[in-house]
Amino acid sequence: MALNDLDLTCRIGSAVLQNPVLTASGTFGYGQEYESFVNLHRLGAVVVKGISLAPRRGNPPPRVVETACGMLNAIGLENVGVERFLAEKLPYLRGMRATVIVNILGDSVEEYAALAGRLDEVAGLAAIEVNISCPNVKKGGVAFGTDPEMAAAVTQAVKGATRLPVIVKLSPNVTDVALMARAVEDAGADAVSLINTLLGMAIDSRTRRPRLANVVGGLSGPAIKPIALRMVWQVAKAVKIPVIGIGGIATAEDALEFLIAGASAIEVGTANFVNPRACEEILAGIGAYLEANKMTSLRELVGSLAI
Amino acid sequence: MALNDLDLTCRIGSAVLQNPVLTASGTFGYGQEYESFVNLHRLGAVVVKGISLAPRRGNPPPRVVETACGMLNAIGLENVGVERFLAEKLPYLRGMRATVIVNILGDSVEEYAALAGRLDEVAGLAAIEVNISCPNVKKGGVAFGTDPEMAAAVTQAVKGATRLPVIVKLSPNVTDVALMARAVEDAGADAVSLINTLLGMAIDSRTRRPRLANVVGGLSGPAIKPIALRMVWQVAKAVKIPVIGIGGIATAEDALEFLIAGASAIEVGTANFVNPRACEEILAGIGAYLEANKMTSLRELVGSLAI
Amino acid sequence: MPPYQLKAQIIRAETLAPDLYRLTFLAPDLAAEAKPGQFVMLRVGEGADPLLRRPFSIHQVTASGWVQVLIKVVGKGTRLLATLALGQTVDVVGPLGNRFSLHTSHHICLVGGGVGIAPLYFLARELQRSNPPAAVVPLLGARTAAELRPLADDFVALGLTPRLATDDGTLGHHGLVIAHLSELMATPAPWIVYCCGPYPMMRAVAKICREQGWACQVSLETMMACGLAACLGCAVPAADLAGPYKHVCKDGPVFGAEEVAWL
Amino acid sequence: MPPYQLKAQIIRAETLAPDLYRLTFLAPDLAAEAKPGQFVMLRVGEGADPLLRRPFSIHQVTASGWVQVLIKVVGKGTRLLATLALGQTVDVVGPLGNRFSLHTSHHICLVGGGVGIAPLYFLARELQRSNPPAAVVPLLGARTAAELRPLADDFVALGLTPRLATDDGTLGHHGLVIAHLSELMATPAPWIVYCCGPYPMMRAVAKICREQGWACQVSLETMMACGLAACLGCAVPAADLAGPYKHVCKDGPVFGAEEVAWL
Ligand SMILES: Cc1cc2nc3c(=O)[nH]c(=O)nc-3n(C[C@H](O)[C@H](O)[C@H](O)COP(=O)(O)OP(=O)(O)OC[C@H]3O[C@@H](n4cnc5c(N)ncnc54)[C@H](O)[C@@H]3O)c2cc1C
Ligand SMILES: Cc1cc2nc3c(=O)[nH]c(=O)nc-3n(C[C@H](O)[C@H](O)[C@H](O)COP(=O)(O)OP(=O)(O)OC[C@H]3O[C@@H](n4cnc5c(N)ncnc54)[C@H](O)[C@@H]3O)c2cc1C
Ligand SMILES: Cc1cc2nc3c(=O)[nH]c(=O)nc-3n(C[C@H](O)[C@H](O)[C@H](O)COP(=O)(O)O)c2cc1C
Ligand SMILES: Cc1cc2nc3c(=O)[nH]c(=O)nc-3n(C[C@H](O)[C@H](O)[C@H](O)COP(=O)(O)O)c2cc1C
Ligand code: FES
Ligand code: FES
Chain B
686 MALNDLDLTC
696 RIGSAVLQNP
706 VLTASGTFGY
716 GQEYESFVNL
726 HRLGAVVVKG
736 ISLAPRRGNP
746 PPRVVETACG
756 MLNAIGLENV
766 GVERFLAEKL
776 PYLRGMRATV
786 IVNILGDSVE
796 EYAALAGRLD
806 EVAGLAAIEV
816 NISCPNVKKG
826 GVAFGTDPEM
836 AAAVTQAVKG
846 ATRLPVIVKL
856 SPNVTDVALM
866 ARAVEDAGAD
876 AVSLINTLLG
886 MAIDSRTRRP
896 RLANVVGGLS
906 GPAIKPIALR
916 MVWQVAKAVK
926 IPVIGIGGIA
936 TAEDALEFLI
946 AGASAIEVGT
956 ANFVNPRACE
966 EILAGIGAYL
976 EANKMTSLRE
986 LVGSLAI
Chain H
686 MALNDLDLTC
696 RIGSAVLQNP
706 VLTASGTFGY
716 GQEYESFVNL
726 HRLGAVVVKG
736 ISLAPRRGNP
746 PPRVVETACG
756 MLNAIGLENV
766 GVERFLAEKL
776 PYLRGMRATV
786 IVNILGDSVE
796 EYAALAGRLD
806 EVAGLAAIEV
816 NISCPNVKKG
826 GVAFGTDPEM
836 AAAVTQAVKG
846 ATRLPVIVKL
856 SPNVTDVALM
866 ARAVEDAGAD
876 AVSLINTLLG
886 MAIDSRTRRP
896 RLANVVGGLS
906 GPAIKPIALR
916 MVWQVAKAVK
926 IPVIGIGGIA
936 TAEDALEFLI
946 AGASAIEVGT
956 ANFVNPRACE
966 EILAGIGAYL
976 EANKMTSLRE
986 LVGSLAI
Chain E
34 MPPYQLKAQI
44 IRAETLAPDL
54 YRLTFLAPDL
64 AAEAKPGQFV
74 MLRVGEGADP
84 LLRRPFSIHQ
94 VTASGWVQVL
104 IKVVGKGTRL
114 LATLALGQTV
124 DVVGPLGNRF
134 SLHTSHHICL
144 VGGGVGIAPL
154 YFLARELQRS
164 NPPAAVVPLL
174 GARTAAELRP
184 LADDFVALGL
194 TPRLATDDGT
204 LGHHGLVIAH
214 LSELMATPAP
224 WIVYCCGPYP
234 MMRAVAKICR
244 EQGWACQVSL
254 ETMMACGLAA
264 CLGCAVPAAD
274 LAGPYKHVCK
284 DGPVFGAEEV
294 AWL
Chain A
34 MPPYQLKAQI
44 IRAETLAPDL
54 YRLTFLAPDL
64 AAEAKPGQFV
74 MLRVGEGADP
84 LLRRPFSIHQ
94 VTASGWVQVL
104 IKVVGKGTRL
114 LATLALGQTV
124 DVVGPLGNRF
134 SLHTSHHICL
144 VGGGVGIAPL
154 YFLARELQRS
164 NPPAAVVPLL
174 GARTAAELRP
184 LADDFVALGL
194 TPRLATDDGT
204 LGHHGLVIAH
214 LSELMATPAP
224 WIVYCCGPYP
234 MMRAVAKICR
244 EQGWACQVSL
254 ETMMACGLAA
264 CLGCAVPAAD
274 LAGPYKHVCK
284 DGPVFGAEEV
294 AWL
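Residue numbers (our numbering), protein chains in the order written: chain B, 686 to 992; chain H, 686 to 992; chain E, 34 to 296; chain A, 34 to 296.
Some hints could be false.
[Said to hold, decoys possible] Each computed BS3-like pair below joins lysine-lysine, with the alpha-carbon atoms no more than 25 Å apart:
no.: 1; chain 1: E; residue 1: K109; chain 2: A; residue 2: K109
no.: 2; chain 1: E; residue 1: K240; chain 2: E; residue 2: K279
no.: 3; chain 1: H; residue 1: K922; chain 2: B; residue 2: K824
no.: 4; chain 1: E; residue 1: K105; chain 2: E; residue 2: K40
[Said to hold, decoys possible] Examples of chain A residues lying across from chain E (beta carbon under 8 Å, computed):
no.: 5; residue: G80
no.: 6; residue: A81
no.: 7; residue: D82
[As the list claims (entries may be wrong)] Some but not every residue of chain H turned toward chain B, in silico, with C-beta under 10 Å:
no.: 8; residue: A753
no.: 9; residue: C754
no.: 10; residue: G825
no.: 11; residue: T831
no.: 12; residue: T860
no.: 13; residue: A863
no.: 14; residue: L884
no.: 15; residue: G885
no.: 16; residue: P895
no.: 17; residue: P907
no.: 18; residue: I912
no.: 19; residue: L941
no.: 20; residue: F943
no.: 21; residue: L990
no.: 22; residue: I992
None of these hints come from the bench; they were simulated from the model. Remember, predicted model here, so these are calculated numbers, not experimental data. Here a beta-carbon is modelled for each residue, glycine too, at the ideal position from N, C-alpha and C.
Chain B with its partners taken away, still in its complex shape:
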């Protein structure tokens, strides 16, 4: 039987990604760390570790702890800073012909805008993903991602500073994630991605101390998949811009659930730690599913949930 040509492309603002399998920020380093396992140029995009204006040293250890079907991390946004990223990390990704999305973070609206402006000068980036799960230092440390107005302000500032497509990455630690999504859509976001980690905690009952030096950390992995999927479904119904699904995706099966729920693309996070080939396997599995279900385009699958 003749094989169909599958159209796996997906559109994020003006960017067209060759397929919907992306890496989640902070779980794939700057790409090179996975060169032995994944053909970087075959991915929809490599979303790099969150970058700030200045380098950050992050939180003291212990920074990670395993939980039931998940893990908590309190890395504290350690990163090399935007200049060293551009000088030392980006050239490698370019050399590998990887599609690159830069994840950015800041303490203030101004810092986000400055980062977006700096990246706008750089050739060959596909998009910017804005991590708004960071504390707004000027507003007493309330996370940008838990307040619709602050989230909109960041979005607007970033949009004003770059011509690159802007993906706003939503926090799940909110009452109404659809409200947040609409707020950033109205502020000009080209897409939303979700979910970032859920705030969690673990205690060592022997020492009666928190297992993370930072006390609380972000929960990720298969444990959170049902919550992530519900939020993606809610958001996909609420906005017109593309939605990128994230949270506990470890297999093609998982990815398909998000696509069916309405995600145009997905990001693979914690699964990269467990199975460094996860992204490639998921990509292969999505193709096989489309073929088996006689679909020729990813778009037939996206949002195909029958209720």
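Keeping the supplied structure of chain B fixed, place chains H, E and A with the ligands upon it in accordance with the hints.
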């Protein structure tokens, strides 16, 4: 060596429970279901399946689905109604000398108040637990538990209708759970319990249909423990009333984490399905820990987290 | 007092066909109480994934306290159970649920499909043990001969003559086991039909029985979280669609075909 | 290109002492690249609980492509790994991390505590293989003779004379292995000390070396999520406490004792 007499009691308003191990509503039936496995009179309390004024048939099946280290349920609050509960279920629990806490739910503030009033007439109940994760039918279905004012209104109405201690059971599907806790504390709650289930979803990629007939359901089990523990810690810092910890508790180790984080008592939920003896084992384990750590009273442990 | 919970020693672990396993474990109290139609909840693995116990019909019990279940591998839980070996233990809760109600005065027909045969064999054993009814006719179907033969042989060993059917025609009738049911119509009533298998099969059998005026008992499957009547997860719609749901782990798994809705 | 990921066949599964296991698997590419001090990440179980891989030092490799790790059971992951049997597979990623840097011109002392002995044996093998240094002195400690003897015997088989210590005095010096270190002070410098074991032991060894002016390399442990320099979970404070953290999986696991903070 002489064994210490352990003081495991904990106080919820005017009620003194003999120990901190309770069953979580909806996971232990009306108690009798576990008579082969657990000595009901040895538990801190049996919190029964949520009761409404009129019987409810609940949601169509499928109602439960397993997820990674957890499960989703959309039982839809099926219950026999308060009158049949009092006539058919409560006498058994009384006969077993179980300490009984009745979990109540309603569509409106008035319904909650009417239930509390009806239970106030009944002898031998230890407390009422108010499930506010229910949709407020008059407010377009927004859950009482996601709005501080609605939560306070329910609390006030229930307090006004009964002399029994009132525990308000908080929803985790909020941005700021401490805010919710303070709202119900200010409205007169004698204690708070948390967390109820997190809203989640699962999709069958083969049929492209939701795995639950209700589309979304409540996530419970070990997967949610880190989130529950973080919320309990936040709430225990924010309020003066006792906090009852719930969420993914399956072992004494888990229970200890919640007590150390500041919970005065804990409820065991999904674990009852997996290990019908879970409550008894957890109770034994807490005692052993106190003994091993040369503590003579549960109060030495509660909130002993060293940061 | 039943139900019991125990870590039961595995006495025998058999592979009957690819993806079809038979597990025998030692659980004397459970065995002494078990009735045909009842089930057990088995814990799967050691960790929290998979989390929930899995329900399995009791296939047979012995006076020596052995309990047997048939396991068809359909997912990760059954796959893990299939790897259990002699000398290991399995954590079991049971016996649970109600039982087939016996009517030895009738002509009895047992209609089983796939692992749905499991509880019917227990029933057949019980029927043959005490004063056997005039006729016990097993109609057994499966995908293929490899799966059906070992199960059917056990009925033969009881002195019964099962009529067989396979989807691929490798044993007995080529097609649905229901085909054999029409043969009964020619014979003197009243028949009582005990049925367990895939939902479409049970629905079809229920329909034929209703038309013929035969009594029919079916053993239903649903998702179950507890098996103990605590979670209310195992609801199925009752014949009276507006009435309360039935709960498979408590009101069932055996129902009169007329009690439940066939959707 | 290393690191490699493979499902490796288990060639040997040994119980050395209660809670101490030795696992040998076939991974030729990995074996060919592995250097003393490097580690592998092993996947534990099949499901998502436990979720993360676990790090283990490479204990030895053979030209025939065998790789060996020592496993001390401390929790659920190591307990599951200990149940792996001949013929099963283990999912492995490696070799990872840096290596001990060799100074064959020095007098060499290897200080190992418990499973910390694992990478030192690999190092000793390498040292003895090519032009051996003037002196290689292993100082090995463990809780009790049962744990220490099998590990120490392997050093003897290399032609070395390990000095031993056990917490309970059942073999060698009764007390800390560090006691043997002071004996070296009487002998001609320069010594270079390679150390792996519990944190307090490494801290004490680092202190003595600093005082004596001896070079010292330590192999650190931390929680690790990836082992691939991707998660940044394995941070440890550098000697310059205000500077960036070191990452054990990438900058280590081997560090010069002066590179890291001893808190
Ligand atoms: C009362 C009762 C008696 C049963 N008796 C037997 C028996 O004797 N032998 C036997 O092999 N099986 C029996 N089953 C079915 C068996 O419980 C399921 O096949 C098993 O739970 C699947 O577990 P899994 O982890 O392998 O599948 P999963 O990976 O959980 O799921 C695989 C597929 O099976 C479906 N499934 C999962 N659980 C159930 C369930 N409880 N009921 C129906 N479908 C399910 C899922 O929807 C999915 O499509 C019985 C079920 C019930 C309710
Ligand atoms: C580079 C490196 C090399 C190692 N080499 C060996 C070796 O050769 N042999 C060996 O037996 N062990 C070695 N370890 C330690 C081993 O990785 C842990 O013992 C193992 O991960 C514990 O898993 P678990 O599931 O049994 O324990 P868990 O149930 O996860 O935890 C049990 C206890 O162990 C602690 N722990 C868990 N993970 C680690 C970790 N990665 N590092 C330190 N402590 C941990 C926990 O805090 C807890 O107190 C090494 C660790 C590292 C980082
Ligand atoms: C160790 C670690 C580091 C992370 N760092 C970042 C980050 O820098 N920026 C960001 O937006 N998200 C970060 N995340 C969140 C992930 O990108 C992802 O949203 C989350 O882990 C949920 O997906 P998962 O369950 O597939 O891991 C990090 C997650 C982990 C586990
Ligand atoms: C099947 C099921 C039914 C439940 N029914 C109720 C209920 O009627 N009222 C209520 O307040 N909580 C109900 N809950 C929530 C539990 O009481 C508990 O808050 C939640 O499951 C988290 O705890 P766990 O992880 O230990 O299960 C139910 C949970 C489950 C799994
Ligand atoms: S399975 Fe829980 S009530 Fe039936
Ligand atoms: S363990 Fe992930 S960066 Fe080192």
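Going through the numbered hints above, which ones does this structure break? Give me the numbers in ascending order. Going through the list in order, the structure violates hints 10 and 13 and respects the others.
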